[in-house]
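So the sequence lines, in the order shown, correspond to chains A and B.
The opening residue of the first sequence carries number 1 in the working numbering; numbering runs sequentially from there.
The opening residue of the second sequence carries number 1001 in the working numbering; numbering runs sequentially from there.
Treat the hints loosely; a few may be bogus.
[To be verified] Pulled a few chain A residues facing chain B out of the computed Cβ check, cut under 7 Å:
no. : residue
1   : Leu37
2   : Ser38
3   : Ile41
4   : Gly82
5   : Gly105
6   : Lys116
7   : Arg121
8   : Leu124
9   : Asp186
10  : Pro199
11  : Ser203
12  : Ser205
13  : Met242
[Said to hold, decoys possible] Simulated DEER-style distance windows between Cβ atoms:
no. : chain 1 : residue 1 : chain 2 : residue 2 : range
14  : B       : Lys1059   : A       : Gly119    : 22 to 28 Å
15  : A       : Val157    : B       : Asn1032   : 31 to 37 Å
16  : A       : Ile33     : B       : Arg1028   : 40 to 46 Å
17  : B       : Val1063   : A       : Arg207    : 21 to 27 Å
Quick caveat, the hints were computed from the structure, so don't treat them as lab data.
As the structure is a computational prediction, the values presented were derived from the model and not from experiment.
Heads up, the beta-carbon is just placed ideally off N, CA and C, and yes, glycines get one too.
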Amino acid sequence: MASDISRPYLIEVPNLGLVRQNAVVSATPKSTIRDSLSVSITVGAYGIAFGAASVAAGFSVLQTCLLSLLTFSGASQFAIVGVMGSGGGALSGIATATLLGFRNGLYGLRMSPLLKTKGARRILAAHITIDESTGVALSQESLGQDAMRSGFWLTGVGVFVFWNLFTLAGALGAQSMGNPAAWGLDAAVPAAFLGLVWPRLTSFSDRLLSVAAMGLALALTPFVPAGLPIIATAFLALAIGMRKS
Amino acid sequence: MTTTWWGVIGTSVAAFALKYLGHSIPHRYLENPKTQRTNLLIPITLLSALVAVQTFTEKSRLVIDHRAVGLAVAVISLKFRAPFPVVVILAALSSALVYHFS
Chain A
1 MASDISRPYL
11 IEVPNLGLVR
21 QNAVVSATPK
31 STIRDSLSVS
41 ITVGAYGIAF
51 GAASVAAGFS
61 VLQTCLLSLL
71 TFSGASQFAI
81 VGVMGSGGGA
91 LSGIATATLL
101 GFRNGLYGLR
111 MSPLLKTKGA
121 RRILAAHITI
131 DESTGVALSQ
141 ESLGQDAMRS
151 GFWLTGVGVF
161 VFWNLFTLAG
171 ALGAQSMGNP
181 AAWGLDAAVP
191 AAFLGLVWPR
201 LTSFSDRLLS
211 VAAMGLALAL
221 TPFVPAGLPI
231 IATAFLALAI
241 GMRKS
Chain B
1001 MTTTWWGVIG
1011 TSVAAFALKY
1021 LGHSIPHRYL
1031 ENPKTQRTNL
1041 LIPITLLSAL
1051 VAVQTFTEKS
1061 RLVIDHRAVG
1071 LAVAVISLKF
1081 RAPFPVVVIL
1091 AALSSALVYH
1101 FS
């Protein structure tokens, strides 16, 4: 999901000094607003795919919308409906989704010194701490901390609004379709996962790890309950990530 | 309450807890390079496993069916740098076509 936001931004800032010094008076740079909005709409539109996939996996429209409202983290949402839709139990679904959500915790760690929130504002900030809000915030670094904060809030709230609207549209659309296979929805889900993992495969070893994970999951499938083959591949990541460098 | 409801609630609670924890704990935790590296690798293995399982299994059997065609089309469209929604739609279309004509 974060493939669009990692490109560098080259932006002219004539009034950078003023913006930095005077937080109250300063306006949000136009480019920050533009970046935030374009990411919000593009990424939000993926919500259609999630809404459709979730309903095709057997979740109700209400459950689908609640996942987008409350979980609000694309990969985790796809994971819970993917695992449970293919026969996995709630626990393995939650475990897979939660492992995928760990990175949001690290984003929070990165964002908290910038946002300096507490109370209700911290709850809000935490909820919208995702790939995109963090990515846009970091991409505004050359414009100063106010622009970074604006980027975070605008993108987080923007993605939230569009993601939820499009989720509802996708869920209602899929609900009126009937047999998921006849519309290719059963292939749309793995394609969506592939689209999520693709931008992360930046090196040869990443691609090797990806293929190894696919092989391990398939090899385990006939022998262990649904859902577990997916979680088991996290140990591959652990084994490689935690070894001495 | 059905198991899907447990899935919805459990996922949402855990997702928020992780996000909130990130905003609340002192900065030095989780800063070590191994944690950071593992954190980048976990989505790769889990998402790859999901791709494979969602494409090539039916219950607990390994199968090759119309979904494999959809996945192949997705790979090709990603190679050509197609945007995410296009990838998903092309995969769905090609898979549905094979489903109807086989």
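For each hint, the structure was consulted:
1. Leu37: Violated - the Cβ of A/Leu37 stays beyond 7 Å from chain B, reaching only about 17 Å at its closest.
2. Ser38: Result: violated, 12 Å to nearest chain B Cβ.
3. Ile41: violated, 12 Å
4. Gly82: holds, 5 Å
5. Gly105: This interface hint holds because 4 Å falls under the 7 Å limit.
6. Lys116: violated, 10 Å
7. Arg121: violated, 10 Å
8. Leu124: violated, 10 Å
9. Asp186: For A/Asp186, the interface hint holds, since the closest Cβ of chain B sits about 6 Å away, which is under 7 Å.
10. Pro199: A/Pro199 check fails; min Cβ-Cβ to chain B is 9 Å, beyond 7 Å.
11. Ser203: violated, 10 Å
12. Ser205: Status violated, d = 9 Å.
13. Met242: holds, 5 Å
14. B/Lys1059 to A/Gly119: 22 to 28 Å: violated, 48 Å
15. A/Val157 to B/Asn1032: 31 to 37 Å: 32 Å Cβ-Cβ, so the 31 to 37 Å window holds.
16. A/Ile33 to B/Arg1028: 40 to 46 Å: With a Cβ separation near 34 Å, A/Ile33 and B/Arg1028 fall outside 40 to 46 Å, so the hint is violated.
17. B/Val1063 to A/Arg207: 21 to 27 Å: Given range 21 to 27 Å: holds, Cβ gap about 25 Å.
Violated hints, listed in ascending order, are 1, 2, 3, 6, 7, 8, 10, 11, 12, 14, 16; each of the other numbered hints is respected by the structure.
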